[in-house]
Each structure stands twice: as structure tokens, then as C-alpha cells.
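Novice: Read off the chains here:
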Amino acid sequence: MISIVDTLPRATTDTLAPDLSSAGRSAAAEWPVVIVGASVAGLSVAEALRRHGYSGEIVMVDSADGFPGDRPPLSKAALFPAGETTVYDVVPAIRREALAMSCIFGAAATGVDRHARLLRLADGRSLAYSDLVIASGVRPRAFPGSNHREPIEGLHMLRTAADAGRLRAALARGGSIAIVGGGVLGLEVAATARGLGCEASVIEQTPAGLAAKLGATLAQRLLDLHRAHGVRLEFGVEAVGFEAGQSGSGRIEGLRLTDGRVVPASDILVAIGCRPNVEWLAKAGLDLSDGVVCDPFGMAVDHIWAAGDVARIPGLTEEGRRQEHKQNAIDHGRLVAANLLAARAGLPLKRLEAVPYFWTDQFDVKIQFAGAYSPAAREMVVPVEGREGAIAVRFEVEGRLIGAATWNAPKAMTQLRREIELACLPIDAPKESIS
Amino acid sequence: MKIKVEESWCVASGSCVLAAPKVFDQDENGVVILLQDRPAPELHASVRTAASVCPSAVISIEED
Ligand SMILES: Cc1cc2nc3c(=O)[nH]c(=O)nc-3n(C[C@H](O)[C@H](O)[C@H](O)COP(=O)(O)OP(=O)(O)OC[C@H]3O[C@@H](n4cnc5c(N)ncnc54)[C@H](O)[C@@H]3O)c2cc1C
Ligand code: SF4
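Those sequence lines, one after another, are chains E and P. Take the first sequence: its letter number 189 is residue 189 in my numbering, and every next letter is one higher. Take the second sequence: its letter number 45 is residue 45 in my numbering, and every next letter is one higher.
A hint or two may mislead.
[As the list claims (entries may be wrong)] If you want the footprint, here are the derived chain E segments under chain P, 3+ residues with CB under 8 Å:
| hint | segment |
| --- | --- |
| 1 | 81-91 |
| 2 | 272-281 |
| 3 | 327-338 |
| 4 | 414-420 |
[Said to hold, decoys possible] Quick list of the computed label-pair ranges, beta carbon to beta carbon:
| hint | chain 1 | residue 1 | chain 2 | residue 2 | range |
| --- | --- | --- | --- | --- | --- |
| 5 | E | 260 | P | 34 | 52 to 62 Å |
| 6 | P | 34 | E | 425 | 40 to 50 Å |
| 7 | E | 125 | P | 40 | 46 to 56 Å |
| 8 | P | 60 | E | 52 | 17 to 27 Å |
| 9 | E | 380 | P | 60 | 33 to 43 Å |
| 10 | E | 100 | P | 36 | 23 to 33 Å |
| 11 | P | 34 | E | 196 | 31 to 41 Å |
| 12 | E | 174 | P | 34 | 41 to 51 Å |
| 13 | P | 36 | E | 399 | 29 to 39 Å |
| 14 | P | 62 | E | 236 | 26 to 36 Å |
| 15 | E | 208 | P | 62 | 44 to 54 Å |
| 16 | P | 60 | E | 344 | 25 to 35 Å |
| 17 | P | 34 | E | 237 | 41 to 51 Å |
Calculated directly from the structure, the hints in this document are not laboratory data. Heads up, the beta-carbon is just placed ideally off N, CA and C, and yes, glycines get one too.
Work out the full structure, taking the sequences as your base and the hints as a guide.
Specialist: Structure below.
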């Protein structure tokens, strides 16, 4: 059963001075596994710990007031008028309750004392842990130069259900939205806005946009699709500021570009990437050069692990570039739980072998991507039989399939994911999944 | 073990098919098809893996 605790579990008062002499160390193994972040990665860790038979205490901490809802709908169905109903729990309540963990909500983690194995919370309390899992995710980067301490009506970012609610209300008024950033998120919102009959412009500073992520063929197709649906695309130009309050209303009126032009807009969405939530770890002595930098087992340092958007864990197909996708957060969580328990039992750890995977839905197209893209890869377009307009693109390096992308071809993608896995797994590592 | 799927949440990732191909398949639009809802015990581990890798919490398992 989930208990929202205001009295913390044992060994958690602010006066606690843990005894980490050798006797203390064996006692420390009895302390709870503490997970910071109650979203995809954190819940994946908790579920996998229980699946592997861990029966000790699990404490989950989140600065939010409850479990955050699932994020992928927030740029899609959730922006339609009745959109609230499309945001589901990340893990249904019945599955969460089976985890029998303690949850502390509304409490930000503010620091870690690695040597005493204590997590500090904003309210001054400390929490002793046997192992700590960092799953604190990311947050959107603010528009350079904007002062977000004073919210400007019509200036949006999108990460939470509350953000989506504000954007939904704005789009429901009609009008026009200018989106700063032509990445997956920006384009998804542009597509949704057009679906709602709003005008939409996307301003992206790199001339090629998503080509560096999806390959040239699919990126081009995607931009053509947006143009065909009336999205105004401004690529290779930077947004430098916004016009607001000219008419005395304080509202957004347009987006200013480097070349002096102003894109008229009643709302602006800033979707220029995210920053890992790691400031609270500044004094913990971890490598924070790109989120929490981990080894291939998901460990940052002894007894501290990381998972999800915040974690950089080197995988099979990429040199550990940090991913911000849902499947990745789940795969990380499974890895960390298995390795945390293996480390306790003195068993060998397993490296991250899951092939990176993500999807995006725009207009009536589902784009899926697996593995890695490299500009050095040969890009081969393969038609998909029986599905009009569908294609698959293979990325090969020296004849080896390192990645693939599909356009409205989900079954082909499943086959490609299997093929990439076989092509990228080391020959001496028989495929043995972490359950 | 009894399996249930909530198709309306499915995001067509195919992750379940990769984990347990004897139990899950996909239709032409990628939506999950449950091939058997009471799989034999030797398939249980793969089904638990499938449920845990699904990016949309579509698969629920009732253990006997
Ligand atoms: C609008 C939108 C659409 C998306 N669409 C897709 C999609 O179509 N496909 C896809 O693959 N992915 C998509 N994603 C990405 C996906 O949602 C993320 O990869 C996933 O949420 C990552 O989960 P996480 O657990 O790592 O982090 P998060 O979901 O970011 O959760 C981190 C949690 O940590 C908490 N936290 C942070 N700091 C602290 C602290 N100091 N103390 C305590 N708690 C803290 C936060 O409150 C939060 O609850 C989308 C994301 C967004 C925002
Ligand atoms: S893993 Fe989940 S979302 Fe993916 S196809 Fe299977 S049921 Fe659907």
C-alpha cells in the first residue's frame, strides 16, 4: 500500500548520525532504497526491484504533489478541448499499490552526503539510504533573456500537465502560436495546433533541424508534411526575443527573429531542449558533465545509481549520449534495479544492452526510431509493402545495421529493432534479457 | 497467470513482441494483439518482461 508519510520511516530524523563502522555497514544494507523522482524511471526501478524479489523498504521522493502523469500525450491529445482525460498515470494505481513503498511528495531533494549515505530534503529532514537512485528527470530550457520569475501571459513551456492545461486554453482561443525549436516536441505541438485550426510557425536555428537525429530522408519528409498542412517553417534563423505589451495588455504579440522580422503570434512555446535536474547534487561529488554520468551498469559511484532522462549510461549503439525518451527511462530503471541487487549479492553486473527507441506522432504519421544515427552511416530507404506512403530507412556502417527509422510502419520497426539488437550485441554476450 | 491488455493505450512500440513473441503480436497499425491470455508457465518470465518494458502500461498480469 502506498502511504504518504509525514513521519518518515525509521533512521530518518535530522539528528541521525549513521554509524558506518563495519557493524554499521551491515546495518546500512537494511536501510531503504531511496528513489528521487516518482515518474517513469523511478517507477520502473521500484517495479523491477519487487519483480526480482526485493522485499526491503522502498522510499520514493518527489518535489511534485503526487505522481506526475504520463508526458507523451501532453503535446498531442491532451491539447484538444477535452484533453485532460487523455493523461493517464505512468503506472496504473493498482500496480503502484502492489509495490508497497513509502512516498514522500512535495519534498525536493536538496543534497546528498555520500559518506554518511544521507539524502537531504528541502524541509530539513534527512533520509538514510542503502542505495540511492537518481531519477529526477529534466526540465525545459528557458528562452534566453526571458525572465521567468515574472510569468508572461502567452509565453509557454511544456513539461507538466499544468503546462499542457495552459497551452490547451490558449489553443482553444484560436489565434496563432509561434514555436521556438524545431525538434520533436516543437513539431508535435505545431501539428496539434494545426489540427485545432490554429496558425502555427516553427522557428529553428539550425538549417537542417531534425536531420541530425532522424537522418535526411525522414527529416525532409516530415518538414514537407508540415508545410503541406500549412505550418510556417523558418529554419536557419534564430529567435531573439518577443514582443509583448505593445497594446498595453502585457500579452505576447509576436516573436522577434535575428534578421529583424517579427512573427506575429498570440502565444509562444519555447521548446529548445531540456536541462537535467542535477543542481541538488552539486556537492555530492558526482560527474555532472551531462546529467549524471554513469558507468554502463547505471552506477554513478558506490551506492548511487541514476536512471531516465537525467542519466547518461553508455549503451551498445551510442557512446552514451543522454536520451530523453520514455522507453529509455524504462530500460534504465530495469537495468539499475537488477544491478543494484546484483551488487549487494556480490554477483556480476550487466551492462545496458537495450537498443534506444523512441516514437513521435505528428498529423496522421507515426515516426519510430531505433538504435543510433550517424552522419557517417549509409542511409538506405526501403519501401514497406502493403502500406501506402510507408517507408523504412536503414542506417548502416560498414554493412552493420546501427539504426533505423520508419514512417507509418510499426510492424516493420519491430523487426528492425530485433535486427539492430542482433547486429549490435557483442558476439560473446548471448542475448539474455533482464526480466 | 492471466493477461489483460488495454489496447486503447497502446503506442505501437512492439516492445512486448520483442520480449514475448509467442504471447504478443501487432496488427497492421502496430496495435497489440494478445495471442493467448493464459500462457504456459515456461512463458511467464517473458510475459513479465513484456509488461515491464511496455512504454504505455498496456499489459496487466494477474498472477494465480
Ligand atoms: C510533452 C512531452 C511529450 C513527450 N512525448 C514523448 C513521446 O512521444 N515519446 C517518447 O519516447 N518520449 C516522450 N517524452 C519524453 C518522456 O516523457 C520522458 O522521457 C520521461 O518522462 C522521462 O522520465 P523520467 O522518469 O526520467 O523523468 P521525468 O518524467 O522528468 O520525472 C522526473 C521527476 O523527478 C522529480 N524531481 C526533479 N527534481 C527533483 C528533486 N530535486 N527532488 C525530488 N523530486 C525531483 C520531478 O518532479 C519529476 O516528477 C515526452 C515528454 C514531454 C514533456
Ligand atoms: S509494448 Fe505496449 S505499447 Fe508497445 S506494442 Fe506492446 S502493448 Fe503496445
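Novice: It remains to establish, for every hint, whether it holds in the given structure.
Specialist: Against the structure, the hints come out as follows:
{"no.": "1", "hint": "81-91", "in the structure": "holds (count 4)"}
{"no.": "2", "hint": "272-281", "in the structure": "violated (count 0)"}
{"no.": "3", "hint": "327-338", "in the structure": "holds (count 4)"}
{"no.": "4", "hint": "414-420", "in the structure": "holds (count 3)"}
{"no.": "5", "hint": "E/260 with P/34: 52 to 62 Å", "in the structure": "58 Å, holds"}
{"no.": "6", "hint": "P/34 with E/425: 40 to 50 Å", "in the structure": "28 Å, violated"}
{"no.": "7", "hint": "E/125 with P/40: 46 to 56 Å", "in the structure": "49 Å, holds"}
{"no.": "8", "hint": "P/60 with E/52: 17 to 27 Å", "in the structure": "19 Å, holds"}
{"no.": "9", "hint": "E/380 with P/60: 33 to 43 Å", "in the structure": "39 Å, holds"}
{"no.": "10", "hint": "E/100 with P/36: 23 to 33 Å", "in the structure": "30 Å, holds"}
{"no.": "11", "hint": "P/34 with E/196: 31 to 41 Å", "in the structure": "34 Å, holds"}
{"no.": "12", "hint": "E/174 with P/34: 41 to 51 Å", "in the structure": "42 Å, holds"}
{"no.": "13", "hint": "P/36 with E/399: 29 to 39 Å", "in the structure": "38 Å, holds"}
{"no.": "14", "hint": "P/62 with E/236: 26 to 36 Å", "in the structure": "55 Å, violated"}
{"no.": "15", "hint": "E/208 with P/62: 44 to 54 Å", "in the structure": "49 Å, holds"}
{"no.": "16", "hint": "P/60 with E/344: 25 to 35 Å", "in the structure": "29 Å, holds"}
{"no.": "17", "hint": "P/34 with E/237: 41 to 51 Å", "in the structure": "49 Å, holds"}
Consistency note: the structure conflicts with the earlier hints numbered 2, 6, 14.
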